[in-house]
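A.B. asks: As a plain string of letters, each chain reads:
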Amino acid sequence: MDKLREKVRNLLKENKVAGYLGYIEGEGGHPLPHFFTKERLEEVERAIVPPDNARYPLDKILESLAAAYPDETFAIQVRGCDERGLNELYKWGQLDPDKVVLVGVACTQAQADYCECPAPWPSVIDYGEKCEPVLQSRRVSRIEALTQEEAFQEWLGHFERCIKCYGCRDVCPMCFCKECSLEHPELLSTGKVPPDVIFQLVRAIHMAGRCIDCGLCEEACPAHIPLRVLYKKANLLVKDLFAYETGSPVTGPSPWKSLGEEVTLEPKPM
Amino acid sequence: MAEKEFEPKIIGFFCNWCTYASADLAGISRLQYPPNIRVIRVMCSGSISPHHVLRAFQKGADGVLIGGCHIGDCHYLRGNYMTIKRVRFLQDLLKFTGFEPERLHLEWISAAEAPKFAEVVRKFTEKIRKMGPSRLKQAA
Ligand code: SF4
Ligand code: SF4
Ligand code: FES
Chain C
1 MDKLREKVRN LLKENKVAGY LGYIEGEGGH PLPHFFTKER LEEVERAIVP PDNARYPLDK
61 ILESLAAAYP DETFAIQVRG CDERGLNELY KWGQLDPDKV VLVGVACTQA QADYCECPAP
121 WPSVIDYGEK CEPVLQSRRV SRIEALTQEE AFQEWLGHFE RCIKCYGCRD VCPMCFCKEC
181 SLEHPELLST GKVPPDVIFQ LVRAIHMAGR CIDCGLCEEA CPAHIPLRVL YKKANLLVKD
241 LFAYETGSPV TGPSPWKSLG EEVTLEPKPM
Chain A
271 MAEKEFEPKI IGFFCNWCTY ASADLAGISR LQYPPNIRVI RVMCSGSISP HHVLRAFQKG
331 ADGVLIGGCH IGDCHYLRGN YMTIKRVRFL QDLLKFTGFE PERLHLEWIS AAEAPKFAEV
391 VRKFTEKIRK MGPSRLKQAA
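So the protein sequences, as listed, match chains C and A. Under this note's numbering, the residues of the first sequence are numbered 1 to 270, in order. Under this note's numbering, the residues of the second sequence are numbered 271 to 410, in order.
Extracted from the complex, chain A is given alone in its bound form:
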């Protein structure tokens, strides 16, 4: 039997006010992007705890994509100041332990940037597909 092609599971934590809306707009504009992404809508990217990211990986995510408002545009003013701190720290900690930091990505995508949204999801999905299943998943 031919081996089934690996289909990565990607969790997207998207801010309600920007990236989530850009996903909507992408849909309305009929922009194509891979269906591998499971979206979790949050009220601000600053409400995403490193716990949620680690939990997603533990539960079998091959990639985690975080989408928030551009700096200066956060609906809660500075929520995303925390997002960038957490993500950068976590990526470096994952690197130290060999837990594949490339599987975690942060992108600022505004509500108007539907083409950017589709492009980021496409690129990230392809990157994760190339990387194969997450190491952490194999260990868990």
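Excised from the complex, chain C in its bound form:
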């Protein structure tokens, strides 16, 4: 942790950033998201990398910060997924890459296994060490192996537990729209729980090529719906169909953002 704290301290002292968005060890040892500034430099002593199961959508907090202080540069703690999120947010014009400084954390093997994460470290590592990435999601392959009827029954069973709390959307670092289709009365029924069966599909469509697989939605969902499996698949499809790698700094723009210069696909035969 010393290396990370030292970097943060220097960034603040040398006025390279207006603040650092990370985590602090709060009362009773609770890890909390925190905004560190030069004025309270002594707090950097308590700057931490939280345990794997205490992650917050820092990217999302950075979006509000950047919107409120567009001229300032901020440092932010990122894991692999958080950095993918930033890359995607740059592409969508939500953040300016020149105004973001990374403080990077490599995930533990346990976390990478739990997430089935293909890239569990950011481009800058200030804490932790690279572990083995997980290149294939077993959770996705399991569903792919089901028959149509089995898959339908399984997903229906999940979707019918939804209490429409919008927790999945609210925690999502990639959900930045001012108006949300999930609340549009002409696209989905209102005043109904569980919501329309298509509710999660609508969200999956919006997450395709945008979800950076942080898993926060699935952790937030009180109904334990395996949302992440759905979005992992949506991203795999975007990769297979359009060669788009979500969260990569290289591929872009998103296939949904431009019509494209050529057509490689054909309608499926009837």
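Don't read these hints as lab results, they were simulated from the structure. There may be inaccurate statements among the hints.
[Claimed, not checked] Reference listing, derived: stretches of chain C covered by chain A, where coverage requires no fewer than 3 residues with Cβ under 8 Å from a Cβ of chain A:
1) 141-147
2) 200-208
3) 229-238
By construction, the Cβ of each residue, glycine as well, lies at the ideal position given by its N, Cα and C atoms.
Dock chain A with the ligands against chain C, hints included.
C.D. replies: Same frame as chain C, but now just chain A with the ligands:
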């Protein structure tokens, strides 16, 4: 009482400049096609959002047929480049969730292709009739 034969409800989202016109021509040419299709005219197949397709299924459609101009002929040049991306993606997503992707079909039909139009509508209606009522409808 004898059970009534299942009559599928099919929603057709047709581009104004091609498939919709081919439907007109089919009518003028007295070509026969099943009356199960409810047509929604759009200005370009590229303006059909996956939302509209899902909404149609949620509201009880047994099949959704999208008709657009051939690639290269779109009135707005490349609107249909988006159509094919959306449809192919949605079909694969529907497949993953077991939501019967075969109920969604895209066909490029130009204004002159009235016989093709009648044939596609006939084939699609028959296919959906064989499949029976949509699963999603039963769940909704
Ligand atoms: S895993 Fe969930 S919360 Fe995280 S980016 Fe994807 S949809 Fe959003
Ligand atoms: S968090 Fe879970 S229960 Fe809440 S709206 Fe999302 S899917 Fe439904
Ligand atoms: S105008 Fe017909 S598909 Fe665009």
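A.B. asks: State for each hint whether it applies.
C.D. replies: How the hints compare with the structure:
no.	hint	in the structure
1	141-147	holds (count 4)
2	200-208	holds (count 5)
3	229-238	holds (count 5)
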